[in-house]
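**Q** Letter by letter, the chains look like this.
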Amino acid sequence: MIRLNDIVVKFGDFTALHDINVHVKEGEFFTFLGPSGCGKTTTLRTITGFIEPVSGTVVVKDKDITHVPIEDRNIGIVFQSYALFPTMTVYDNIAFGLKIKKLKKAEIDEKVRDIAKKVDLSDEQLQKAVSQLSGGQQQRVAIARALVTGPAIICMDEPLSNLDAKLRVQLRNELKKMQKDFGITTIYVTHDQEEALTLSDRIAVFNKGYIEQIGTPNEVYNFSKTEFVCNFIGDINKLSGEVVRKILAAGGKVDPEKNNYVRLERLHVNVDVQPGQVALDGVVTMREYYGLYIKYYIDLGSQIIKVIEKNDGVCIYEEGQKVQVVLDPRDIMAYTPGEKVGEEG
Amino acid sequence: MNTTLEKKFHPDFLLRILGVTFFAYLFFGFMLLPCLNTLTSIFNVKNAAGERDAFAVIRFFLAGSMGKYVWNSLKLAVLLVITVNVVGISIVLLTEYFDIKGAKILRLGYMTTMIYSGVALVTGYMFLYASDGILTTALKNAFPNMNNSWFSGFNAVLFTMTFACTSNHMLFLRNAIRGIDYNTVEAARNMGAKPFKVLWKVVFPTLIPTLFSLTVMTFITGLCAMSAPTLLGYDSINPEIVRLAGSSSADEAFPQARAALLSIILAMFTIVLLTVLSSYERKGHYLSVSKTKAKLQKQKINNPVWNVVAHIYAYVLFVIYMTPVVMIVIFSFQTYSAIRLKKLDLSQWTLINYFGQQDYEYLTGRGKYKTRVGSISGVFANEATLGGIKLSFILSALAAALACVIVVVACNYIFQKKHKRSGVVLEYALLFPWLLPTILICYSYRTYFNSNSIWYVGNQNLYYAQNVRLLIVMAYTVTKLPFSLRMIKASFYSIDEELEEAARNLGARKIYTFLRVKLPIILPSVLAVFALNFNALFTEYDMSATFASTYGTSYAMVIQAMCREEGLYGYNVNASGRRCASTVFIMIVSGIILYLVYGVGARDLGERLEARDRRRKLFAKLTGKNG
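Taken in order, these protein sequences are the chains called A and B. Under the working numbering, the first sequence is numbered contiguously, ending at residue 345. Under the working numbering, the second sequence is numbered contiguously, ending at residue 627.
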C-alpha cells in the first residue's frame with residue numbers, strides 16, 4: 001500500500017531522517033512511535049508531501065508520489081492542533097475538501113451529514129463555529145474533514161495530545177473502532193507508548209532519525225530488538241553485574257558481557273520457584289500503591305529492582321520486609337553494549 | 001526540458017514576476033527616486049552669479065537664518081515629551097490602576113482625542129481659547145485686564161498638543177498596564193511594600209519598554225508638528241517647509257532648496273530616533289513568566305488627602321478634555337449670531353450648521369441693506385465644504401484600501417518560508433517611508449513629479465491640475481504602508497501554519513487557500529487597519545497642505561480655511577458654526593469606525609453566531625408575543 005524507500009530528509013546540515021524504509025499494508029493501523037525530535041512527524045509529513053525528501057521515494061499503490069503536489073495526493077491528515085478553519089462553521093470545515101472537488105451542493109450536503117453521523121456530530125453542532133465545540137468534538141470534526149473526501153490513507157499526528165487524560169482513553173477506543181469501521185489505512189504518530197501498543201497493528205519505533213524496530217505491539221514489547229526500544233517501551237530493570245553474577249551462580253543462563261534487562265511484571269515476589277527459575281533475596285525499600293497493582297522497590301544488595309504485583313489484597317509486603325524475588329532467565333533481554341542502531345524496517 | 005518550460009510559464013512564476021515588477025516600481029518610483037531628488041536638489045543651488053554652488057544652502061543655514069525653525073521644533077519636541085508623558089501616564093493610572101470614582105466616565109473623556117485630532121482638534125481648542133474664543137471671551141468679561149491673546153504661539157501649541165497627543169498612551173500604555181500580572185503586585189504587598197513603592201518598583205519597570213516607545217513617538221510627533229503650529233502661529237520646521245515650497249526665488253534665496261534641507265534635517269532626526277528605538281526593541285525586554293496571570297485590581301489610595309487630590313486632578317483633566325468636545329457639539333446647533341457672540345442662546349437651536357442654506361442680510365456703512373445669497377450654509381450645503389469632504393473621502397478610502405491590499409499581498413509573500421531573504425528585502429522596502437517625515441515625501445512628490453520628463457509615469461506632469469489627486473493618493477498610500485505592515489504582519493502571525501497545510505492537503509491550490517482560509521482569518525485586522533488608515537487620512541492636513549493644490553483641497557484644508565475666511569461681509573458668515581458642525585461630523589465618523597473596528601470587528605465567528613442566535617431568540621420572543 002505505502003512504501004517508503006530509502007527516504008533521507010535534511011534540514012540544512014542536519015539529517016532528520018536516515019534511509020527510512022517502511023511498508024504499510026492496506027487497511028493497517030500503523031504507528032510511528034518515538035520521543036520528540038526522533039523523526040516520526042517528519043516521516044509523516046514526507047508522506048503527505050509537506051516535506052520533500054533529499055533522496056528516496058514514497059510509493060502509494062505502486063505509484064511514485066514523491067514529487068506529486070500536496071493537494072493531489074489524496075492522503076488525509078488530522079493535525080495535532082486539528083487545524084480547523086476558525087472562520088468557518090463546522091459544516092463548512094467538513095465541506096471544504098468537497099467544494100474544492102466541485103461536487104454538487106446536494107451531494108456535498110449528503111456526504112457531510114453522512115460522515116457527521118458516523119463521527120457522532122449532531123446537525124446542531126454542524127452549524128456551530130469550531131470555537132464553540134469542546135476539544136473532543138473538535139477532534140471529531142478534524143477526523144470527519146479528513147475522511148469525507150474518501151482518501152486512500154489517513155495520517156494522524158498526535159491527535160489525542162491536546163485532550164485530558166480521561167477523554168484521551170475514551171477517544172482512543174473510538175478512534176480504533178472508527179478505523180475498523182472505515183477500514184482505512186491509518187498512519188498514526190505518537191510519543192505515547194501506551195497509545196501505540198493499544199491501537200496499532202504494527203509499530204515503527206523511531207530514534208534520532210532511524211527506525212530501530214518495526215513489529216507488532218507484542219514483538220516490540222516482549223522482543224525489543226534494541227536497547228533503545230526496550231528502554232523506551234514500558235518500564236524495565238537493567239540488571240547490575242552483581243545481580244547477573246548471582247543469577248549465574250544460581251544456575252541461570254545469562255551472558256555477563258551483555259547489558260541485561262528484565263521487565264517489571266516478569267519478576268515475582270515470594271512465589272514457589274519453578275525449575276529453571278532463579279530466586280534472589282532482597283528487602284522491600286519502598287512501595288507505590290496504584291490500586292490495580294503495587295510497585296515494589298526491592299534492594300537486592302547491589303541494586304534496587306522494581307517489581308509489579310497484582311493487587312490481590314492478600315500478599316501485600318511492607319517496607320523493610322525481607323522477600324524473595326523470583327525470575328526466569330529466559331525473560332531476560334540481552335544487548336551487546338555499544339551496538340549501533342540504524343535498522344531497516 | 002518540457003518541465004522547465006512548464007515551470008517558466010507556470011501561473012505562479014508569472015505572478016511572481018508581476019509582483020517583483022510592481023514592488024520595484026513602487027519602491028524606486030514612489031519612494032527612493034523622488035526623495036533622492038530632494039536630497040540632491042540641496043547641492044544644485046545656483047548663486048546670484050548663476051554659478052552652481054553646492055554648499056550655498058548649508059552656508060545659509062549655518063549663518064543662522066534657518067536655525068530658529070530647527071531649534072523651535074526641538075524645543076517643542078523635548079517639552080512635549082515631558083508634558084505628554086505626565087498627562088498620558090496620569091490618565092492611564094487614574095483610569096486603570098487607581099480606584100477613582102467614575103473611572104469609566106473619565107476614560108471616555110480621556111479617549112475623546114481618538115475621535116478627533118489634527119486640524120479638527122486644534123480648531124476646537126481655538127474655538128474655546130483663542131482671543132475671540134468662548135472661554136477667553138468669558139474670562140475677559142470677568143477680568144477686563146486679561147491679555148486676551150494668551151492662547152497663541154508656543155504656549156498654545158504646547159498646551160493643545162499635550163492633550164491631543166495622549167491617544168497613544170490611552171491605547172498602548174493602557175494595554176501594557178492591563179497586562180500586568182496582579183499576583184506580582186500582591187506578592188510585593190505581601191512582602192511589606194507600600195502601594196506607591198509597588199507602583200514604582202514593580203509596576204513601572206514593566207511599563208518602561210512601552211513608555212520608551214511612546215516617548216520616541218511623541219518626540220517625533222513634536223518635531224513634525226504641523227497643524228497646531230500652522231493654526232496657532234509657531235515657527236517650527238514643517239510649516240516653514242510648506243511655506244518655502246510655495247515661495248518663489250524672486251522673493252527669497254533658493255526657497256525650494258531650503259525646504260529640502262529642512263526636510264532632510266527632519267528625516268535625519270527621525271532616522272536617528274527610530275534606530276535608537278528599534279535597537280532598544282531588539283534587545284528584548286523582560287518577559288512575563290507567569291502562566292496564570294491574575295487580572296489587575298484597582299488600587300485604593302488609602303491616604304484620604306492624596307485620595308482627594310487624585311480625584312480633583314482626575315476631574316480637572318476630564319474637564320480639559322471634555323470642554324472643547326461639549327462646547328463644539330453644543331455650538332454646532334446654535335445660530336450664527338450666538339456663535340459669533342460666543343454666547344449660548346438656549347432659546348434657539350438650529351441645524352443650519354449642518355444642512356442649512358440661508359441668505360445673509362446686512363446693513364452697509366451707507367445705511368443700506370444688502371443681501372448675500374446663500375452665504376449662511378451648513379457643512380452639507382456648502383459647496384466648498386462638501387467638495388472637501390467628498391475629495392477627502394474618496395482619496396482616503398482609495399489610499400487606505402490600496403495600502404491594505406499592497407501589505408496583505410506582501411505579507412503573504414513574506415510569510416512563505418522559502419522567501420526568507422527576499423521577504424526581508426520586501427519588508428524593509430515597505431518600512432522605508434517610516435524613516436521619512438510625511439512632509440518630506442509629499443514635498444519630494446511635489447517637486448519631483450512637477451515635470452514632464454519622468455518616463456515611468458508616462459511623461460505626465462503629476463503635479464498638474466487633476467493629476468495631483470493621483471499624487472495625493474500615492475502619497476497617502478506610501479505613508480500608510482509602514483503602519484499597515486506592522487499591524488497586518490502581526491495578524492499573519494496568528495495564522496496557524498497547519499491551517500494552510502490542512503487546506504492544501506484537502507486539495508486546495510495556493511490562491512484558493514489564501515482567499516478561503518488565510519484571508520478570512522486576517523480580515524478583521526485588515527479591516528481595522530483600513531479603518532484606522534481611513535480615519536487618519538480623512539482628516540489629515542499636513543500632506544494636502546504640502547501639496548497645496550486647488551485640485552487637492554482636502555477636508556482639513558477646508559476646515560483650516562474656515563478659520564480665516566470668516567467675516568461679516570464675506571461669503572462665509574457662519575464659518576465658525578460650520579467648523580463646529582464639521583468637527584462633530586468627524587467625531588461621528590471616527591466614532592462609528594472605531595466602534596466597528598474594536599466593538600464588532602473583534603468578535604470571532606463563535607461570538608457572531610451566538611449574537612445571531614440571541615437576536616433570533618429575541619425576535620422569536622417578540623413576534624411570538626405579538627402573534
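I should point out that these hints are in silico values taken from the structure, not numbers from a laboratory. These figures come from a predicted structure and were not determined experimentally. Among the hints, erroneous ones may be present.
Stated by the list, open to error - Here are some, though not all, of the chain B residues that point toward chain A, as calculated from beta-carbon distances under 10 Å:
| no. | residue |
| --- | --- |
| 1 | Asp53 |
| 2 | Leu199 |
| 3 | Met327 |
| 4 | Asp496 |
| 5 | Glu500 |
| 6 | Asn505 |
| 7 | Tyr512 |
| 8 | Arg516 |
| 9 | Ile521 |
| 10 | Leu609 |
Claimed, not checked - When the alpha-carbon atoms are kept at most 30 Å apart in a straight line, the in silico DSSO-like pairs for lysine-lysine are as follows:
| no. | chain 1 | residue 1 | chain 2 | residue 2 |
| --- | --- | --- | --- | --- |
| 11 | A | Lys10 | B | Lys418 |
| 12 | A | Lys166 | A | Lys176 |
| 13 | A | Lys208 | A | Lys225 |
| 14 | B | Lys104 | B | Lys418 |
| 15 | B | Lys418 | A | Lys208 |
| 16 | B | Lys510 | A | Lys102 |
| 17 | A | Lys99 | B | Lys298 |
| 18 | B | Lys283 | B | Lys295 |
| 19 | B | Lys368 | B | Lys342 |
| 20 | A | Lys63 | A | Lys176 |
| 21 | A | Lys63 | A | Lys246 |
| 22 | A | Lys117 | B | Lys617 |
| 23 | B | Lys342 | B | Lys370 |
| 24 | B | Lys510 | A | Lys111 |
| 25 | A | Lys166 | A | Lys63 |
| 26 | A | Lys99 | B | Lys510 |
| 27 | A | Lys63 | B | Lys617 |
| 28 | B | Lys295 | B | Lys194 |
| 29 | B | Lys510 | A | Lys105 |
| 30 | A | Lys10 | B | Lys370 |
| 31 | B | Lys510 | A | Lys10 |
| 32 | A | Lys10 | B | Lys343 |
| 33 | A | Lys246 | A | Lys306 |
| 34 | A | Lys208 | B | Lys368 |
| 35 | B | Lys417 | A | Lys101 |
| 36 | A | Lys25 | A | Lys101 |
| 37 | A | Lys63 | B | Lys194 |
| 38 | A | Lys10 | A | Lys99 |
| 39 | B | Lys418 | A | Lys99 |
Note that CB positions come from ideal geometry on N, CA and C, so glycine has one too.
**Q** Which numbered hints are broken by the structure, listed smallest first?
**A** Per hint list: 1, 2, 3, 14, 17, 21, 25, 27, 30, 32, 34, 37 and 38 violated.
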